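Got two chains here, separate frames each, mind docking them using the hints?
Note that the protein sequences, when read in sequence, are chains A and B.
Using UniProt numbering, you'd call the opening residue of the first sequence number 1 and step up by one each time.
Using UniProt numbering, you'd call the opening residue of the second sequence number 1 and step up by one each time.
It should be emphasised that the hints constitute simulated quantities derived from the structure, not laboratory data.
Certain hints may be false.
[Stated by the list, open to error] To list a few chain A residues with every Cβ distance to chain B over 12 Å, as calculated:
| hint | residue |
| --- | --- |
| 1 | Ala31 |
| 2 | Ala116 |
| 3 | Asp263 |
[Stated by the list, open to error] Sample of chain A residues at the chain B side, in silico, Cβ under 7 Å:
| hint | residue |
| --- | --- |
| 4 | Ser55 |
| 5 | Asp56 |
| 6 | Ala59 |
| 7 | Asn104 |
| 8 | Pro105 |
| 9 | Tyr107 |
| 10 | Ile108 |
| 11 | Val111 |
| 12 | Pro132 |
| 13 | Leu139 |
| 14 | Val141 |
| 15 | Thr155 |
| 16 | Thr180 |
| 17 | Ile182 |
| 18 | Ser202 |
No experiment lies behind these values; they were computed from the predicted model shown.
Beta carbons: idealized from backbone N, C-alpha and C, even for Gly.
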Amino acid sequence: MNRIPARFAACAAANRPALVTFVMAGDPDPATSQAILDGLPAAGADVIELGMPFSDPMADGVAIQMAGRRALDAGQTLQQTLSMVESFRKTDGETPIILMGYYNPIYIFGVDAFVAAAKAAGVDGLIIVDLPAEEDEELCVPALAAGINFIRLTTPTTDDRRLPAVLKNTSGFVYYVSMTGITGAAIKSRAAVADAVRRIKSHTDLPVAVGFGIKTAADAAEFGRHADGIVVGTVLVDAVGNSLDNGKATGGTVGAVRDIVTDLASGVRLARV
Amino acid sequence: MAVSGINSLRLGPDEDGRFGLYGGRFVAETLMPLILDLEKAYRDAKADPAFAAEIQHLATHYTGRPSPLYFAERLTAHLGGAKVWLKREELNHTGSHKINNCLGQVLLAKRMGKTRIIAETGAGQHGVATATVCAKFDLPCIVFMGATDVARQWPNVLRMKMLGAEVRPVTAGAGTLKDAMNEALRDWVTNVETTYYIIGTAAGPHPYPEMVRDFQSVIGTELKEQFLEAEGRLPEAVVACVGGGSNAIGTFHAFLDEPEVALYGAEAGGYGIEVDNGHAASMTGGRPGVLHGNRTYLLQNADGQILEGHSISAGLDYPGVGPEHAFLHDTKRVTYAPITDQEALEAFQLLTRMEGIIPALESAHGLAQVMKLAPTMDKDQSVVLCLSGRGDKDVESVGRHLGMDMNA
Numbered sequence: 001m002n003r004i005p006a007r008f009a010a011c012a013a014a015n016r017p018a019l020v021t022f023v024m025a026g027d028p029d030p031a032t033s034q035a036i037l038d039g040l041p042a043a044g045a046d047v048i049e050l051g052m053p054f055s056d057p058m059a060d061g062v063a064i065q066m067a068g069r070r071a072l073d074a075g076q077t078l079q080q081t082l083s084m085v086e087s088f089r090k091t092d093g094e095t096p097i098i099l100m101g102y103y104n105p106i107y108i109f110g111v112d113a114f115v116a117a118a119k120a121a122g123v124d125g126l127i128i129v130d131l132p133a134e135e136d137e138e139l140c141v142p143a144l145a146a147g148i149n150f151i152r153l154t155t156p157t158t159d160d161r162r163l164p165a166v167l168k169n170t171s172g173f174v175y176y177v178s179m180t181g182i183t184g185a186a187i188k189s190r191a192a193v194a195d196a197v198r199r200i201k202s203h204t205d206l207p208v209a210v211g212f213g214i215k216t217a218a219d220a221a222e223f224g225r226h227a228d229g230i231v232v233g234t235v236l237v238d239a240v241g242n243s244l245d246n247g248k249a250t251g252g253t254v255g256a257v258r259d260i261v262t263d264l265a266s267g268v269r270l271a272r273v
Numbered sequence: 001m002a003v004s005g006i007n008s009l010r011l012g013p014d015e016d017g018r019f020g021l022y023g024g025r026f027v028a029e030t031l032m033p034l035i036l037d038l039e040k041a042y043r044d045a046k047a048d049p050a051f052a053a054e055i056q057h058l059a060t061h062y063t064g065r066p067s068p069l070y071f072a073e074r075l076t077a078h079l080g081g082a083k084v085w086l087k088r089e090e091l092n093h094t095g096s097h098k099i100n101n102c103l104g105q106v107l108l109a110k111r112m113g114k115t116r117i118i119a120e121t122g123a124g125q126h127g128v129a130t131a132t133v134c135a136k137f138d139l140p141c142i143v144f145m146g147a148t149d150v151a152r153q154w155p156n157v158l159r160m161k162m163l164g165a166e167v168r169p170v171t172a173g174a175g176t177l178k179d180a181m182n183e184a185l186r187d188w189v190t191n192v193e194t195t196y197y198i199i200g201t202a203a204g205p206h207p208y209p210e211m212v213r214d215f216q217s218v219i220g221t222e223l224k225e226q227f228l229e230a231e232g233r234l235p236e237a238v239v240a241c242v243g244g245g246s247n248a249i250g251t252f253h254a255f256l257d258e259p260e261v262a263l264y265g266a267e268a269g270g271y272g273i274e275v276d277n278g279h280a281a282s283m284t285g286g287r288p289g290v291l292h293g294n295r296t297y298l299l300q301n302a303d304g305q306i307l308e309g310h311s312i313s314a315g316l317d318y319p320g321v322g323p324e325h326a327f328l329h330d331t332k333r334v335t336y337a338p339i340t341d342q343e344a345l346e347a348f349q350l351l352t353r354m355e356g357i358i359p360a361l362e363s364a365h366g367l368a369q370v371m372k373l374a375p376t377m378d379k380d381q382s383v384v385l386c387l388s389g390r391g392d393k394d395v396e397s398v399g400r401h402l403g404m405d406m407n408a
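In isolation and in its complexed conformation, chain B is listed as follows (with noise of 0.2 Å):
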């Protein structure tokens, strides 16, 4: 039975941009008449059925939508439980989930008059599909990327480049996700009048949160009534992996109010969680505080001062989580569970041996989760993983880490 009214947990954010304790507005005031200004702006298209109907063109014809709902076959034989099903977004343009959220806010920030995007990325995912809607919608774009991450995202850095845009890498702290959304946001307070912030991930000051997880959630609507049509009925449980959660909210945001559909959250175990920093599992390992706009699960010490983390996803390799994630931990409507990079490194062959499909390490993390969880199900039970991203950029360092001769 549907949960409604004052009791759905799809009602956030509040006013002030709270999911509960979490979220808000933390920036500096230069940034803040913009911040309201893009609230506006995001409740003016919001209204506009011309916005949503740019949108749904551009999600057909552009994208690719809807993404299939697959039922693997094979996986769920080996793994000898639930029926497992992808939600396939590794098929989307551009290689992931991430353009759905690009597409919706450069229209946003063209009906705003900005003239300059930029973006933040870890994977290189989100670099590639903000430098892909700007070469589209031609607008200068420049990524800010962790050093770090340039090395082991190569390929993805190339695409950027040749889509137009300028890469920046940022050697400041780990060189990795947290660093290029800090100097994005020194970007931003420079160039305020000119320039769109699109940020990659349902975090960061209000109203990005609602904002991304808007643009993402046809991913949960596209599954449910793809679901419905394949069994008749709702999936009993489903999964996503978790870095700042853009993909994993998406997934979840049509299901919060179907006590009967568990949802699951897959973060970054990195080495362990029980290794001190050697993890980006912010709420099984972190606390709460406040970064980047918004207050939510982090990874910190005993000051305050934030750790970088470990994973070995570029991806997920992120010291918070968007603040709904934060709020749906608390009141237990998710479960998130940490998933080391051996257990990804291992769902990512798995994957790619039983269905031919290589997934994005990020994705490999939820995949784990499945094979935790399809083995205690019964096999009239269906799991479903939003397979958020294909792994074409993980080829190399997969390689790598599995030993491959990388000359042969």
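Pulled out of the complex, with its shape left as it was, chain A reads as follows (with noise of 0.2 Å):
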């Protein structure tokens, strides 16, 4: 079984969702985006997403725009991104890892070279913010024939009309992104969240996850109530933002995303209580 599925079946078996943290690879500088990595188990988180760094990130609010600008400017490429995926492995093979971002480094990568790549080095999924499902022979199809699940995006705008559509190649689990806007911003309506979290369960058996505007421990308990997971990022690179000293990592840099995630695993365990 891919680690996705089997990390949501055993966060199911105990009553609660799983905490999907989102960090940026390459963010503030390589060597210390791979501690925050190596960390993020021990932590509580249940599931990684590392984003891969892009110079135009379109869904994204001010806090993950500055957070690959930082990995960018300090040298981050996909390959290296890759590399950092091989490292975690060496101590951990059970946390599922889903890289998420844009299509066009991996487009200029290749697709069947990235595929096997990724592969290769313990990626278990994707997540590309700028593939909907009428471009699945991009990617999709390629990474779903190489054993690696690819994560949707549903919003609100998806209506019912549209989901199965939008579900028919989803795999491991559906990101259902909390409100029409860019990551970190408000959420405008939190009792429509559960609903529509009802609504595409209705049309799937795969786990649906919330995520986009989850800050803090007590959302996370809030929302965690009907979804099978909760994605957080924005306070995380955040947390990696203030801590820096002249754009450089501090001795409390990887500490202070730890912190945050200790907090966020507390709040999932009370979603259900």
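Listed below in structure tokens is the structure:
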């Protein structure tokens, strides 16, 4: 079994949502970023999304834009991001890793070469923001053929008519974007999120995780009540940003991320108490 | 002999929004349902004679179409070769071809019941045209503009504000057109229910490249008729500048299946195509990639990160190009060539002094291509330039480049 369904099943067995954490690969520098990544499971992350920095992150708010900028300024490349996963896998064979980002760096790397390298490095899934179901032939189909999950974003604008087409090639889990907006913005209607999760679950047996706008342990507990997972990113990359001194990592950088993840992990454990 | 049937180059895009390899719908899921709605609304509008009639009426009475086809006699004599003609899009209301597209799209926005308009702009010509149609149709308008461009195209910023638009300077990246487009897309994702995004160039996700081309193709259609009337045949060469490429595709489209008409697109060569990241010539100096909803030629590094590019002209300072141009480049139907900042400045001055017409710096790139081409052609041949915009917005920055005394 792929690591993603196994991990969601384990969390479900423990009657709690999975904590999915997003960090940007290479932010603020390769070594610190590797230390942040390696520390996530012990802090309580169940699933890891590792951002592939891109120069033009059109669906991201300022925090993740800046994290990507810091990583690129520090020289991060897609090859280095794959190497980070390979390094992580030397000590952790269980925690699922999903690469998240935009299509162009993968397209330039070469789709077949990327899929093979990602599989070899121990990548379990992909979330590619600018590849909707209409463009499945580009990367989704080759990734699925290689045994890599392709996790699709569904949004408040994905209505019941469209949902089956979006879910068709989705695997691993369904990522429900809590709002029409960019990462890190405020969730407009909390009640609507629970309804949407129920609606999606009526179309699929896959786990449904909720992301965009979840910031605190209390949020994690609230949104985790009905969802199979909650995704947190902006507060983690903000923690990296706030820990820096003149753009450089400090002794507090790795710990700042760990502390927030620990707090969120307590939140998901209160979701169904 | 005109090409027709399956060999026609005018059939694109296909149902997936592709022009060969290029185009497509590379957008976030939030936007996907809207893009599909937009395509449907556009198909309905295209089939509705009332929609065409309304555009026609506005073109005549609001924009001032048809724009003249002007024989540039002194310029022709100076260059000493082919007759040089100018398709005078700079005489349109708002001073450029951009109004053609904005009128079409604002009517579509109203048909779709949208109540808020956003746009990106580089030189400000598209921003001004959008602000203009929003004033006329009483719609709130927000224009995203790179902070660098706000500074170098200040007169257009004032015009937009006077027309009632809110201009939001974008400081991300180099503060130019690419960054403005990113920010407009972020706004659109956030306000998708109410908002219509008037993209200013023939790029972006399907159906924008097709739709913008259709609204701009009036340029080439008129030009063809006017030239036939004046000379009784088709011109030997047609030239336009290419940033995203809306005036160029609008000019070329009517001629794509006329192989005897040579087509030339002038890209922004900046400091020179050999200068690393010193130009914005995406076809001459870039390679295919995916950005802003479409696959097309892009300026990018070896890792697929998009470069900023450079051009003296804010309207050409974009690292990509419309997907139909990418297709026409690969098929070699259109010859795309880089024009440097310096060549554009020289062309700007030449037209100003020879014909009393101050061109936009964007259009001056096309003119520089004509200056290379005309002397190599026979005197009984003709070359037509789409003079896409007027240069009022550029007088300050050109004055600075020429070292003129700004206080005299």
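Practice prompt. Go through the numbered hints given earlier and state which of them the structure violates, listing their numbers in rising order.
Written response: 11, 13, 14, 18
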